Amino acid sequence: MEVFVFSLFNGILYGMLLFLLASGLTLIFSMMGVLNFAHASFFMLGAYFAYQVSDHMGFWPGLIIAPILVGAVGALVERYALRPVHRFGHVAELLFTFGLAFVIEEIVQMVWGKVPVSYDVPASLNVTAFAWQGLDYSAYRIFMLLISVAIFVALFFGLTRTRIGLIIRAALTHPHMVASLGHDVPKVFMWTFGVGCALAGVAGVIGGNVLGTEPGMAIQLGPIVFVVIVVGGLGSLGGALIASLLIGILNNLAISYDFSLYPIFRALGVERDVDGILADLVNLTTGGIAPLVPYLLLVLMLIFRPRGLLGTRDV
Amino acid sequence: MIMPGLKKPGAGAGLIALLIILPLLTDSGFAITVMSQAGVAIIFALAFNMLLGQGGMLSFGHAVYFGLAGYVTAHVMNGMANEDLPYMPVTLIPIVGGIAGLFFGILIGFVSTRRAGTAFAMISLGFAELATALTLIIVFFFNGEEGVQTDRWIREEWFGITYGPDIQVYYLIAVWCVIAAIAMYALTRTPFGRISNAVRDNPERVQFIGYNTHRVRWLAFSLSSFFAGLAGALHAVNIEHIGFETVGLGQSGVILIMVYIGGTGNFAGPILGAILITLLNSYLSDITPAWYLYLGLIFVLMVMFAPGGLAGLIMMHDPIRRVRPRLLLTMLPSYAIASGATLVALAGIIGLIEMIYFLSTTVTRDTAMVLYGIALNAADFWPWLICAALGAAGGYGCARAYPRMAETYNSAMHEARATVAS
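Quick note, the sequences are listed as chains A and B, same order. Residue 1 is where the first sequence starts when you use this note's numbering, and the numbers rise one by one after that. Residue 1 is where the second sequence starts when you use this note's numbering, and the numbers rise one by one after that.
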């Protein structure tokens with residue numbers, strides 16, 4: 001029971017972290033049609049900036065400064081690099097962000113080296129929040145959860161209750177109409193891109209010290225975020241939330257329980273003493289196939305329901 | 001679409017002669033290896049461009065077919081060596097790889113080619129990640145992180161060829177490279193090749209004239225996977241090992257970058273890109289740790305400013321060359337000025353990048369380094385100042401020279417048009 005509760009809790013935490021990335025990505029994707037391949041790279045930049053700032057000033061200034069820096073980098077990239085590429089079409093934009101992800105990874109390696117940096121959890125939060133059935137739960141994880149829930153709530157109200165949110169939502173579906181009404185749509189794009197990147201940066205700041213701050217962190221998380229926005233549905237924050245939590249919880253449960261898949265094969269009439277490819281399959285556990293599940297979900301979703309769980313239009 | 005070079009049989013024969021002579025000019029084993037790798041890269045790049053350039057499908061996972069075919073080839077060769085499988089000459093083994101690529105291409109292509117554009121790109125990414133995850137799960141076939149070893153020397157073949165020496169493998173790759181290139185070029189000239197272009201440019205209209213766009217894409221995808229598989233088989237024969245990284249996102253990304261830098265809108269573009277990037281990769285990666293950063297920057301700049309790639313840049317001048325070749329000479333000065341400014345800017349920027357890299361990767365406290373053959377201390381101020389000044393001056397020069405260069409080009413094009421019109 002306690003394993004279940006703890007892995008559920010960790011799953012929700014991982015899911016909320018994914019949501020911080022996915023929320024920005026899905027807004028950018030549905031508004032501009034740009035699948036930002038470099039989105040997870042901004043997440044990585046957030047972690048590295050926070051490491052650098054916390055090295056000089058401590059964790060708390062980093063929590064504010066790093067996301068702002070990442071957002072500024074994102075807005076500049078949109079304004080001066082992505083916008084000129086826009087006229088070459090969506091595939092060119094996708095190629096650009098792919099190249100950008102490549103370049104950011106190399107720059108991170110250039111500046112901070114190829115080995116992980118020691119970006120640590122702040123000492124004030126590195127305490128046990130509660131212990132239950134002999135398992136400790138760290139206060140920092142509670143803090144991560146609070147931050148991500150607060151951002152979700154702020155984002156939700158910002159988009160549904162404010163005038164800016166109204167313009168952004170209108171620009172998602174009817175960019176030309178919004179432009180005709182006198183709004184500067186390219187500027188809305190730039191701000192959305194910047195804020196989306198800043199949200200990824202927040203995820204980097206609060207997640208980098210738990211997941212590990214290293215040059216490979218972007219490429220590990222990036223494809224999973226794509227899965228989230230496709231499964232959740234384009235332009236749907238609610239869908240992104242459900243998909244993030246679904247993937248986060250599934251992943252954590254599969255790994256912490258690590259069930260053997262052998263009973264399924266036995267039910268199908270396959271015994272343990274087989275050779276060849278079946279020998280690998282009967283020895284599989286849910287922990288072993290956990291890395292596969294998101295991508296399987298992505299492929300199945302794109303084939304059978306391209307609009308995702310709560311989306312209103314196809315990818 | 002303009003397709004230079006191969007349209008003229010003379011140029012084709014010249015290229016083939018070059019392929020034969022090239023390895024005889026060197027006695028360096030490394031050079032032969034690089035040339036073999038370039039040959040494999042050319043086949044793979046041309047196959048990739050059947051999707052991206054001719055079919056308009058951007059794939060982030062085409063290495064799946066390259067790598068899977070490599071695994072199948074390695075297993076078939078090991079099976080033949082153990083006499084579990086009937087013998088066939090290693091000369092013909094790329095066909096096995098091609099068929100393996102075709103098989104997986106038909107299978108996966110059916111579901112992934114329903115739509116083009118971003119949806120296709122994402123599905124290809126999903127399959128790339130699936131394949132990578134599977135390599136570590138299905139040990140029976142992929143043998144985990146170790147990969148599969150193989151031995152290309154099975155028995156003596158025609159004319160006493162054993163594929164022991166690297167030079168024999170080079171010629172094997174060269175022959176298959178020529179066959180594959182001719183076949184893929186011929187495909188672009190068939191009605192299928194044309195309709196594949198049409199599906200790229202205007203799928204709705206193609207549907208109106210009665211074609212099934214899914215089927216056209218599926219066929220293009222399968223054929224492309226066949227040639228990718230052929231390249232994968234040659235890769236396995238060449239390095240006698242196949243590992244999990246060959247199916248992964250990294251391999252797919254490198255081929256994408258090669259093809260794009262070479263140029264997607266032109267049949268010769270991917271060949272150019274494959275040769276250039278393989279050469280640079282082999283020789284520059286020893287010289288500088290920042291090679292991948294430079295590669296990424298070149299790619300990003302290409303996407304922003306030269307979406308036609310190198311071949312596109314060259315072919316921009318083809319109309320002028322055909323009408324008034326002398327005009328090209330008058331354009332040279334402005335091109336030379338722009339190149340000079342670029343070189344100055346590059347010298348500064350590369351110097352800065354190299355120094356930052358050196359400082360972040362050096363393990364000792366020693367900050368003495370060698371840059372452009374000059375011994376200097378990276379802790380000093382003046383190297384940074386000089387490099388920054390060079391970069392700024394070159395950047396300013398570029399900002400002035402490139403608009404002039406574009407102006408020269410435009411006026412030359414204008415004159416060429418006027419000549420045609422009169």
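FYI, nobody ran anything at the bench for these hints, they're computed from the structure. Be aware that a few hints might be false.
[Unchecked claim] These stretches of chain A come out as covered by chain B in the derived footprint (C-beta under 8 Å, 3 or more residues):
{"no.": "1", "segment": "226-235"}
{"no.": "2", "segment": "247-257"}
[Stated by the list, open to error] Straight-line distance between alpha carbons at most 25 Å, and here's what the computed SDA-like set of lysine to any residue pairs gives:
{"no.": "3", "chain 1": "A", "residue 1": "K114", "chain 2": "B", "residue 2": "N202"}
{"no.": "4", "chain 1": "A", "residue 1": "K114", "chain 2": "B", "residue 2": "T367"}
{"no.": "5", "chain 1": "A", "residue 1": "K114", "chain 2": "B", "residue 2": "L327"}
Every value quoted in this text rests on a predicted model; they were computed, and no experiment measured them. Each residue gets a CB set at the ideal place from its N, CA and C atoms; glycine is no exception.
Structure versus earlier hints, numbers of those that do not hold, lowest first: Hints 2, 3, 5 not satisfied by this model.
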